[in-house]
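Could you build all of it, start to finish, from the sequences and the hints given here?
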Amino acid sequence: MNTSTKRGLALLAGASSLAMLLSACSSNTPNSTTSGSPAGGDSGGSDQVTLTVVGLKAGSTPEAYQGLADQVADFQSKNPGIKIVTMDYEWKATTFAADLAGGTLPDVYEIPFTDSKTLAANNQIADMNDYLSQFPYGGAFNASVLQYGKGTDGHVYAIPAKSIYGIGLHYNRDLFTQAGLDPDKPPTTWDELRTAAKAITDKTGQAGFCQMTSNGTGGWQLTVDTYARGGSMETLAADGTATATVNNDATKAALQFLKDLRWTDNAMGANFTYDWGSINQAFAAGQCGMYTSGQDVYVSLVQSNGMDPKIYGLTMIPLDGSKAGVLGGGTLAAVNTKTSDAQKEAAVKWISYFYLDRYSSESAAVANAKLTLANDQPVGVPELPIFSDQDYANYQQWIKPYVNVPLDQMTNFTSKIGAATLINEPPVATQDVYASLDPAVQAVLTDQNADVSALLDEANTTAQRAIDKAASGDEQ
Amino acid sequence: MSTTSTDVTPRTLATGKTLGESGVRRDLRPPTPATGKAQAVRGKSARGKGVKAGPRVGAHTPVTWVKKGGLTTLVFALPVIVIFGVFSWYPIVRSIIMAFQETNLVTAKWVGLDNFRWVLTDPDLPRACLNTAYFLGLALLIGFPVPLIGAILMSEVKRLKGVYTVLAYLPVVIPPVVSVLLWKFFYDARSEGVFNALLGYIGLGPYPWLNDKFWAMPSLVLEATWAGAGATVIIYLAALIAVPTNLYEAAELDGAGIWKKLWHVTLPHLRGVLFITFILQIIATAQVFLEPYLFTGGGPNKATLTILLMIYNYAFGASLGSDYGSATALSVMLAIVLAIFSLIYFRLTKSWSQS
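Protein sequences, first through last, are from chains A and B. The first sequence begins at 0 in numbering that gives the first Met the number 0 and counts up one residue at a time. The second sequence begins at 0 in numbering that gives the first Met the number 0 and counts up one residue at a time.
Where hints are given, some of them may not hold.
Said to hold, decoys possible - Cross-link-like lysine-lysine pairs, in silico, DSS-like; alpha carbons within 27 Å at most:
id: 1; chain 1: A; residue 1: K91; chain 2: A; residue 2: K56
id: 2; chain 1: A; residue 1: K56; chain 2: B; residue 2: K183
id: 3; chain 1: A; residue 1: K251; chain 2: A; residue 2: K197
id: 4; chain 1: A; residue 1: K322; chain 2: A; residue 2: K415
id: 5; chain 1: A; residue 1: K251; chain 2: A; residue 2: K468
id: 6; chain 1: A; residue 1: K337; chain 2: B; residue 2: K108
id: 7; chain 1: B; residue 1: K212; chain 2: A; residue 2: K251
id: 8; chain 1: B; residue 1: K183; chain 2: B; residue 2: K160
id: 9; chain 1: A; residue 1: K91; chain 2: B; residue 2: K183
id: 10; chain 1: A; residue 1: K77; chain 2: A; residue 2: K56
id: 11; chain 1: A; residue 1: K197; chain 2: A; residue 2: K258
id: 12; chain 1: A; residue 1: K251; chain 2: A; residue 2: K322
id: 13; chain 1: A; residue 1: K258; chain 2: B; residue 2: K183
id: 14; chain 1: A; residue 1: K337; chain 2: A; residue 2: K56
id: 15; chain 1: A; residue 1: K258; chain 2: B; residue 2: K212
id: 16; chain 1: A; residue 1: K468; chain 2: A; residue 2: K149
id: 17; chain 1: A; residue 1: K161; chain 2: A; residue 2: K337
id: 18; chain 1: A; residue 1: K468; chain 2: B; residue 2: K108
id: 19; chain 1: B; residue 1: K212; chain 2: A; residue 2: K197
id: 20; chain 1: A; residue 1: K149; chain 2: A; residue 2: K309
id: 21; chain 1: A; residue 1: K202; chain 2: A; residue 2: K258
Said to hold, decoys possible - Short derived list, chain A residues pointing at chain B, Cβ under 10 Å:
id: 22; residue: T94
id: 23; residue: S213
id: 24; residue: T272
id: 25; residue: K322
id: 26; residue: Q441
Said to hold, decoys possible - Covered by chain A, per the in silico footprint, the following chain B stretches (three or more residues, Cβ under 8 Å):
id: 27; stretch: 204-217
id: 28; stretch: 250-259
Rather than coming from a laboratory, the hints here were simulated on the basis of the structure. Because the structure is a prediction, the values reported are computed rather than measured. We put the CB at the ideal spot given by N, CA and C, even for glycine.
Laid out in structure tokens, this is it:
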């Protein structure tokens with residue numbers, strides 16, 4: 000009797016620990032049905048559609064979260080049948096693939112221009128072609144922007160949403176002044192840039208010019224420098240096959256320029272492991288005289304790195320030759336391929352409300368500007384037109400009273416970018432091509448005897464391998 | 000246990016027959032659930048038909064299994080089996096399967112040895128192998144003796160021993176990512192950087208640290224040693240306590256100095272532990288990922304590109320990543336190499352680890 004009681008108790012204990020394990024594993028299930036899958040029970044009963052969307056970067060200020068919550072409440076009151084659930088999100092090359100594979104992305108998420116074609120080809124984002132006309136202006140997006148969201152079948156998959164950028168040259172007005180340079184007349188040629196960088200290092204001891212080198216940003220910025228000298232990283236044949244051309248003369252000139260600036264002038268400081276985030280930190284801390292990055296980076300400099308807006312200056316990247324252009328990019332909103340039709344309808348409404356209405360409706364623009372201002376965040380950072388130039392001009396007019404960004408320190412950029420040629424990022428295996436170039440940029444900055452041609456030949460082999468692999472993957 | 004009991008049973012049975020049935024019973028009853036089939040069969044034949052207890056012991060039905068508490072055993076083991084199965088064995092099997100597939104984790108296609116071919120023709124692979132070997136060598140050169148010397152010194156200290164132990168172990172407590180980011184800040188290559196400023200006071204530097212192909216790898220090893228030595232120090236300290244003090248006394252009586260005591264008493268006693276920490280360190284450093292990933296991303300110019308970093312880059316390097324096939328192929332090859340290496344190592348050192 001005694002042993003059988005013991006045995007029964009032991010069985011009970013074992014069973015309960017098993018039950019705990021199972022419940023621990025399954026406790027995610029209710030969450031994931033509300034957040035992800037289309038056929039979740041909650042969309043069935045009362046015609047209530049639940050939509051998970053991209054929220055803020057993790058660690059944003061409480062004011063920013065409050066602002067987002069206000070927007071969600073406002074949207075839900077206007078669209079009673081839709082329930083919005085926001086998720087913290089930041090697009091990163093290194094985590095996106097894992098999220099995509101793990102199915103943990105929200106129903107509406109953000110992707111860079113470069114990714115949508117591949118995602119569309121892999122059936123990993125929903126076809127939104129039928130919904131295009133429901134967006135503001137009947138979906139009459141700036142054609143050169145909308146093309147990024149189109150798949151190879153010509154359908155629109157991803158919707159241009161925000162942060163449409165061209166690369167600009169950011170400079171520290173304080174360091175310019177200290178070095179005896181005129182902060183209102185930033186360099187317009189690469190030679191002038193080199194002279195200015197040397198002057199800054201000689202007079203202030205800080206790096207005159209900084210360059211990103213890591214996590215694919217080295218290749219990204221080298222592409223920028225290549226475009227600014229009229230070169231290109233890939234050529235497309237008539238049948239669509241791509242050939243890597245990263246060892247072209249413009250890229251060689253760009254690398255040689257960096258090498259001279261580093262070793263002949265010693266004007267690039269001592270740290271060469273920068274990526275997008277850490278170069279912003281260094282610039283905001285006054286350690287960089289100049290660097291190149293997207294023109295919208297001002298937001299991050301102020302919001303995340305505590306930069307004093309007074310030191311900031313923005314101008315055009317020097318363009319050399321008639322074929323030279325500015326690399327452009329931006330963020331698209333994509334809809335999860337697992338969503339139901341009802342969720343897609345809701346997604347269209349949310350994307351319009353959250354990203355686009357401000358460009359088409361004065362009241363939305365003003366409301367958004369007021370909210371951003373109330374949360375102490377930058378209003379009026381220069382953008383490139385997502386619809387027509389005229390629409391963007393109207394938008395600027397609407398928000399004018401709320402602008403808290405030193406636009407007069409950016410006129411060297413804003414007055415000229417409209418006339419410049421915007422060039423797309425390399426179309427095939429973009430991130431891999433960038434990654435193949437990182438080592439070359441790192442090498443010229445850390446090795447005095449680096450051989451520019453040999454480095455680029457090696458990178459070209461790696462890039463071509465990636466391109467061929469991407470091409471063979473698309474065929475299946 | 001089971002072999003001895005089966006050996007014994009026939010003999011007791013033989014004698015048991017002369018002693019009477021009760022004696023047989025007593026000898027037969029005890030068999031634990033682990034008793035083998037052979038014994039049950041033997042018992043049955045020896046005792047013949049008339050014995051009632053026979054079928055009960057012999058039949059291995061689910062009912063007897065449940066009655067003997069098999070269910071409880073299973074239920075108790077199940078959580079562990081499930082956890083291991085889901086989080087350990089299933090991923091291992093899955094990754095081996097994926098090594099032969101082209102997959103984006105949604106749709107998969109069998110591609111035979113294509114992934115292995117792709118990895119083996121990657122021009123970066125030789126460099127990654129050399130870099131990993133270099134890291135391994137440096138880590139052994141610096142990381143193997145440092146904790147040993149630290150532990151021996153600490154065991155000699157009589158006062159405040161606890162304080163030294165805590166100080167040595169403290170870096171292990173800091174989350175690895177935090178310590179790497181901390182050191183990345185220390186490694187600022189400007190002359191105002193923390194290390195450069197400190198070394199500047201004694202007239203050294205400034206050094207480029209992570210920004211030079213020669214300096215980058217030693218910089219990573221330095222941090223890795225700092226971060227990992229504490230755990231090994233604790234293991235050595237524990238082993239040192241186990242060395243009988245009378246051996247030292249005897250050695251002292253024989254006129255041994257500190258070096259001779261170390262060489263003839265301490266190290267031989269630590270041999271078993273050293274042997275294990277050595278192989279553990281090799282396996283761990285062959286899989287170095289965190290330091291190159293966070294410090295340099297493999298740079299400058301691939302100077303710190305390791306095999307694990309390559310695996311990561313295959314799978315997640317580009318935003319659309321999804322070359323999981325090549326990543327798992329390289330992982331499988333690395334696992335095989337490490338397994339073979341461990342086997343050879345254990346073979347070669349078998350003789351001297353037992354002495």
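Cross-check of the supplied hints:
Between A/K91 and A/K56 the alpha-carbon distance is near 11 Å, which keeps this suggested pair within the 27 Å criterion. The suggested pairing of A/K56 with B/K183 holds, with an alpha-carbon distance near 24 Å, which does not exceed 27 Å. Restraint check for A/K251 and A/K197: satisfied, since their Cα atoms lie roughly 21 Å apart, inside the 27 Å limit. For the proposed pair A/K322 and A/K415, the alpha carbon gap of about 16 Å is at most 27 Å, so the pair holds.
Taking the CA atoms of A/K251 and A/K468, the gap is about 25 Å. The hint holds against a cut of 27 Å. Of the pairs offered as hints, the one joining A/K337 and B/K108 holds, with about 22 Å between alpha carbons and a cut-off of 27 Å not exceeded. This hinted pair checks out: B/K212 and A/K251 have alpha carbons roughly 22 Å apart, not beyond 27 Å. This hinted pair does not check out: B/K183 and B/K160 have alpha carbons roughly 31 Å apart, beyond 27 Å.
Note on A/K91 and B/K183: the hinted pairing holds, with a Cα-Cα distance of about 21 Å set against a maximum of 27 Å. This hinted pair checks out: A/K77 and A/K56 have alpha carbons roughly 26 Å apart, not beyond 27 Å. Proximity of A/K197 to A/K258 is assessed by CA-CA distance (about 13 Å); at most 27 Å being required, the pair is judged to hold. In summary, the hint linking A/K251 to A/K322 is supported, as the alpha carbons are separated by about 16 Å, within the 27 Å threshold.
At roughly 24 Å between alpha-carbon atoms, A/K258 and B/K183 fall within 27 Å of each other, so this suggested pair holds. The hinted pair formed by A/K337 and A/K56 meets the criterion: a straight-line CA distance of about 24 Å does not exceed 27 Å. Simply put, A/K258 and B/K212 have alpha-carbon atoms about 16 Å apart, close enough for the 27 Å limit, and the pair holds. Under the criterion of a C-alpha separation no larger than 27 Å, the hint pairing A/K468 with A/K149 is consistent with the structure, at around 22 Å.
For the hint linking A/K161 to A/K337, the alpha-carbon distance of about 24 Å falls within 27 Å, and the restraint holds. Of the supplied pair hints, the one linking A/K468 and B/K108 holds, its CA atoms being roughly 15 Å apart against a limit of 27 Å. The straight-line distance between the Cα atoms of B/K212 and A/K197 is roughly 25 Å, inside the 27 Å bound, and the hint therefore holds. With a CA separation close to 40 Å, the supplied pair A/K149 and A/K309 exceeds the 27 Å bound.
As the CA atoms of A/K202 and A/K258 are separated by approximately 21 Å, the hinted pair is consistent with the 27 Å bound. At about 8 Å, the closest approach between the beta carbon of A/T94 and any beta carbon in chain B falls short of 10 Å, and the interface hint on this residue holds. Taken as an interface hint, A/S213 checks out: its beta carbon lies about 5 Å from the nearest beta carbon of chain B, inside 10 Å. The beta carbon of A/T272 is positioned within 10 Å of a beta carbon in chain B (closest approach about 6 Å), and the interface hint is therefore held.
Nearest Cβ of chain B to the Cβ of A/K322: about 28 Å, over the 10 Å cut. The hint is violated. Here the hint on A/Q441 is kept, as its CB sits about 4 Å from the closest CB of chain B, short of 10 Å. Note: the stretch 204-217 of chain B has 6 residues with beta-carbon separation from chain A under 8 Å; the three-residue rule is met and the coverage holds. Restraint check on the stretch 250-259 of chain B versus chain A: 0 residues with Cβ-Cβ distances below 8 Å, three needed, restraint violated.
Hint check: violations occur at hints 8, 20, 25 and 28; the rest are consistent with the structure.
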